[in-house]
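On the provided structure of chain W, position chain Z as indicated by the hints.
Each protein sequence line maps, in turn, to chains W and Z.
With our numbering, the residue at position 86 of the first sequence is 91, and numbering never jumps.
With our numbering, the residue at position 135 of the second sequence is 146, and numbering never jumps.
For the record, the hints were derived by calculation from the structure and aren't laboratory data.
Don't take every hint at face value.
What the hints assert, rightly or not - Think about it this way: if two alpha-carbon atoms lie no more than 20 Å apart in a straight line, the pair counts; the simulated DMTMM-like pairs of lysine to aspartate or glutamate are: (1) W/K17 with W/D81; (2) Z/K118 with W/E77; (3) Z/K127 with W/D108.
All of these numbers come straight from a predicted model, not from anything done at the bench.
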Amino acid sequence: MATSKIIIMQSKKYFLSVGEPWDFDSPDGQNIINGIIIKIVSANCIIFKANYILHFNGVSGNFFVLCPRHSENDFDDLKNGKDYVTINGNVLPEEYNENMSEDYLKENSKFVIIGSIRT
Amino acid sequence: MRNIIPLLVSVCMWSVAVAQTTITVGPQLDMPANFSKASKVGLGGSAEGVFNVSSASAIRVSAGYSSFKGKFFPEVIYKSASKVQQRLALPNSPTLRVEFEITNSPKFLLNGTKVKPAYNMMGGGSEFMTNDPVGVRLINWQPLR
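Just chain W, same shape as in the assembly (with noise of 0.2 Å):
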């Protein structure tokens, strides 16, 4: 993924709108979490942070590893025009730092959400 289109899908507002679990609820109301991409792993991964803590039977964390959910997507879907990609969402139960590999990333969170990243 170009620089470029990095910059501008970091500099945009983005939301996840959960649809599984589908009683979600955080503070910003049921099926929505609001927060920022904070990093651009590669064209099947970003990091996005929540603006809270949200819990997950017994895992937290504010850090959520994306992943597109499906085949025929990915997220240079987003830079390219497209409102949403359908995401699988796993919480990190740590701090979020850049020295994590995209495999550690996937393999030390859990998979709670389903849903998708939207403008």
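Chain Z in isolation, oriented as in the chain W frame:
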């Protein structure tokens, strides 16, 4: 008169809490009232799309992931909960399956889109999504094991 499209889907349902007494199918999902199965379960419609099921358990549309920004429907009638979880790469295992016929013509944003493998689950299942109201005719439901 409604358009009827020849699409039969199964919607898997997740048990979410033993104390709840509703089935939530999304505020726009038009389900018929008074559906019954073996005289044990009665569904009563409401404007909010919340239907009383029984006092024992709570069930909800799964692949219909919330109605907030769209509904999802799998196309295959899966035979086991683990198969559903594997093929749709879901974080939770479903407990019930509902079969219904869609009785209108919603515009699908996802139309048979394949789920990627994820977290040691094989994926490969197809999903449909729409933001439109979905009319349905319930055909059947049964627990998934």
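Evaluated hints:
This hinted pair checks out: W/K17 and W/D81 have alpha carbons roughly 14 Å apart, not beyond 20 Å. This hinted pair checks out: Z/K118 and W/E77 have alpha carbons roughly 19 Å apart, not beyond 20 Å. Between Z/K127 and W/D108 the CA atoms are separated by roughly 17 Å; this keeps the pair inside 20 Å, and the hint holds.
In summary, the structure agrees with every hint in the numbered list given earlier.
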